[in-house]
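Spelled out from the first residue to the last, the chains are:
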Amino acid sequence: MSERAQHRPTDWFLVGLWIVLVTGAIVWVVPFVFIVFTSLKTEGEIYGSGVFAIPRSFAWHNYVTAWQRGNFASSFFNSVVITLVKVPLGLLCSAMAAYALAQVRMRGREALFTLFLFGTMIPFQVLLAPLFSLVNSLGLINSYAGVILPYIAFGVPYQVFVLRGFFRQVPRELSEAAMLDGASHLLIFWRIFLPLSLPVLAALLILDFVATWNEFAMALVILQDSGRWTLPLGLMSFQGQFSSAYGQLNAAIVMTVLPAVIVYLIFQRYFVSGLTAGAVKE
Amino acid sequence: MTIGFAGRRQRGLLILLGPALLIYAIFAIGPFLDVIRLSFMHWDGLSPHARPAGLDNYRAILARDPVFWTAFSNSLIWTALSVAIPPLIGFALALALDQRLPGRGLLRALFYMPVIIAPIAVATIWRWMYDPFFGIVNATLTDLHLSGLIQDWLGNRRVALYAVFVAYVWQTVGFSMVLFLAGLQNVSPTLLEAARLDGARRAQSLRYVILPTLRPTITIVVVLSLINSFRTFDIIYGMTHGGPVQSTQVLALWAFWQSMQLHDFGTGSAIAVVLLLLTALVVIPYLRWTRRAEERWS
Numbered sequence: 000m001s002e003r004a005q006h007r008p009t010d011w012f013l014v015g016l017w018i019v020l021v022t023g024a025i026v027w028v029v030p031f032v033f034i035v036f037t038s039l040k041t042e043g044e045i046y047g048s049g050v051f052a053i054p055r056s057f058a059w060h061n062y063v064t065a066w067q068r069g070n071f072a073s074s075f076f077n078s079v080v081i082t083l084v085k086v087p088l089g090l091l092c093s094a095m096a097a098y099a100l101a102q103v104r105m106r107g108r109e110a111l112f113t114l115f116l117f118g119t120m121i122p123f124q125v126l127l128a129p130l131f132s133l134v135n136s137l138g139l140i141n142s143y144a145g146v147i148l149p150y151i152a153f154g155v156p157y158q159v160f161v162l163r164g165f166f167r168q169v170p171r172e173l174s175e176a177a178m179l180d181g182a183s184h185l186l187i188f189w190r191i192f193l194p195l196s197l198p199v200l201a202a203l204l205i206l207d208f209v210a211t212w213n214e215f216a217m218a219l220v221i222l223q224d225s226g227r228w229t230l231p232l233g234l235m236s237f238q239g240q241f242s243s244a245y246g247q248l249n250a251a252i253v254m255t256v257l258p259a260v261i262v263y264l265i266f267q268r269y270f271v272s273g274l275t276a277g278a279v280k281e
Numbered sequence: 000m001t002i003g004f005a006g007r008r009q010r011g012l013l014i015l016l017g018p019a020l021l022i023y024a025i026f027a028i029g030p031f032l033d034v035i036r037l038s039f040m041h042w043d044g045l046s047p048h049a050r051p052a053g054l055d056n057y058r059a060i061l062a063r064d065p066v067f068w069t070a071f072s073n074s075l076i077w078t079a080l081s082v083a084i085p086p087l088i089g090f091a092l093a094l095a096l097d098q099r100l101p102g103r104g105l106l107r108a109l110f111y112m113p114v115i116i117a118p119i120a121v122a123t124i125w126r127w128m129y130d131p132f133f134g135i136v137n138a139t140l141t142d143l144h145l146s147g148l149i150q151d152w153l154g155n156r157r158v159a160l161y162a163v164f165v166a167y168v169w170q171t172v173g174f175s176m177v178l179f180l181a182g183l184q185n186v187s188p189t190l191l192e193a194a195r196l197d198g199a200r201r202a203q204s205l206r207y208v209i210l211p212t213l214r215p216t217i218t219i220v221v222v223l224s225l226i227n228s229f230r231t232f233d234i235i236y237g238m239t240h241g242g243p244v245q246s247t248q249v250l251a252l253w254a255f256w257q258s259m260q261l262h263d264f265g266t267g268s269a270i271a272v273v274l275l276l277l278t279a280l281v282v283i284p285y286l287r288w289t290r291r292a293e294e295r296w297s
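Sequence order for the protein chains is A and B. Quick note on numbering: the first sequence equals residues 0 to 281 in numbering that gives the first Met the number 0. Quick note on numbering: the second sequence equals residues 0 to 297 in numbering that gives the first Met the number 0.
Calculated directly from the structure, the hints in this document are not laboratory data. Be a bit skeptical, because a hint or two may be false.
What the hints assert, rightly or not - Derived contacts from chain B toward chain A, CB cut-off under 7 Å, selection only: (1) Pro18; (2) Tyr23; (3) Phe31; (4) Leu109; (5) Ile135; (6) Tyr207; (7) Arg230; (8) Ala251; (9) Leu261.
Small disclaimer: the values here were computed from a predicted structure and weren't measured. Positions of the beta carbon are idealized from the N, C-alpha and C atoms, including for glycine.
Using the sequences and the hints given, assemble the complete structure.
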């Protein structure tokens, strides 16, 4: 069988397909290349040389200037703090709830799960105004907690959905045996189920990192003081203020996008499994 | 003894479920209910008391707000395009990248890359690409001797919505592609091989073997594309702010605008409720389907 496969004549259909794909991929990366090129050009080069010209001067100072003028040190710091607090905290909340919904017998469990499932479908972009008034009434406008709590609230449903699906596959005998030995649900969750779910958690962690890092709409209504802005807000404001400083604007784009791209390139595998865990089952 | 055990059990359950449930109820379900309440109120968002408005806000958007209808029809156009185009391209890419081709891992990664970029950064990137004087789009058209097509892509109200949509396609195709690629892993290789030995052409294998297996994936991709298209906010805010002359306005953005910029929370909430109703039309049948499918699996 395999021998025959090796001697199969060249499949021209596949050759053609491959050429089409490579062309498509080149078109797909053009925006990235264009942004990086522009970010390394001086004003004179941008106005004077062609769009496709490779930067000659390597104007790294665009990055330095954009960093300072856009106050990116502060936005970067805020983004890091919010992401580092929100992602692990939200995931822990979701994992605990998912364990209870999957492994603990209780009344109303299905209804509770449906309530969580409902949340995966609510577009929070529609709820910006009531979110603002809620956070405002709690006195949390311009605070980290003011965005972290809604972020957790809208992250929990999908994570609960995925993790509950995973925990349900673990045989109930495992937790029942531990119960007989006198272990509490908390202990069983912490010692047995949490370690078991590490691969799923890793996938959700990466997905959530990028989603939190990129979030714009909620931050826009809650973080109004420029000292509390996250990177997407900083970039938006930079675009408004210095829209004709093309080199610097593109340097600002690269700096905003780069952390997510690096995380993606390192943890590619987890992205796919995190995305598909909820959507596609065997 | 039994009571003590049950008490400890209750406390454990409370610790496990409490945080997620509490935060979710307050910060997600709360605003969801509040937006419905506010849609029947007059409120500027800051004064201590809201006045009841009955159906005034709904009457206002349906009868007196021309922008609402622009936003409504733009949202429908946007949704129709979002359900058709990115999933189709994603499907084609998934089929192609499921073949044994050199460098397919790299190709998959490249097509997926825009998905992980902040939509607001995608907006900034494409604004620069569409720049009428120094942008790559018009420069490419010049090089291809198509100068007749050159224009201010985001400034022309007849093309702006579609220009924004092109950026959205660039960002979202990878998402459909990955879901379809995962679905394709469920296609039985033995069945495909059998079809091939029976002399089935590629199109026939696709029609009779691949498509039937992919049916659940197709449902999921379509529903997620619909929901995501209703949510579209960042990319339009970043590229056009809904302009020029409201030509790219959509419901989510207009709801935000009425509440947060014009301080009319009642009208903004009424617009939000219309969008939630549209979402519900898609979501409720889908949730039923999911629950039934899940029961079948378990």
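Hints, one by one, checked against the model:
| no. | hint | result |
| --- | --- | --- |
| 1 | Pro18 | holds, 4 Å |
| 2 | Tyr23 | holds, 5 Å |
| 3 | Phe31 | holds, 6 Å |
| 4 | Leu109 | holds, 5 Å |
| 5 | Ile135 | holds, 5 Å |
| 6 | Tyr207 | violated, 19 Å |
| 7 | Arg230 | holds, 4 Å |
| 8 | Ala251 | holds, 5 Å |
| 9 | Leu261 | violated, 11 Å |
Hint compliance for this structure: hints 6 and 9 are broken, all remaining hints hold.
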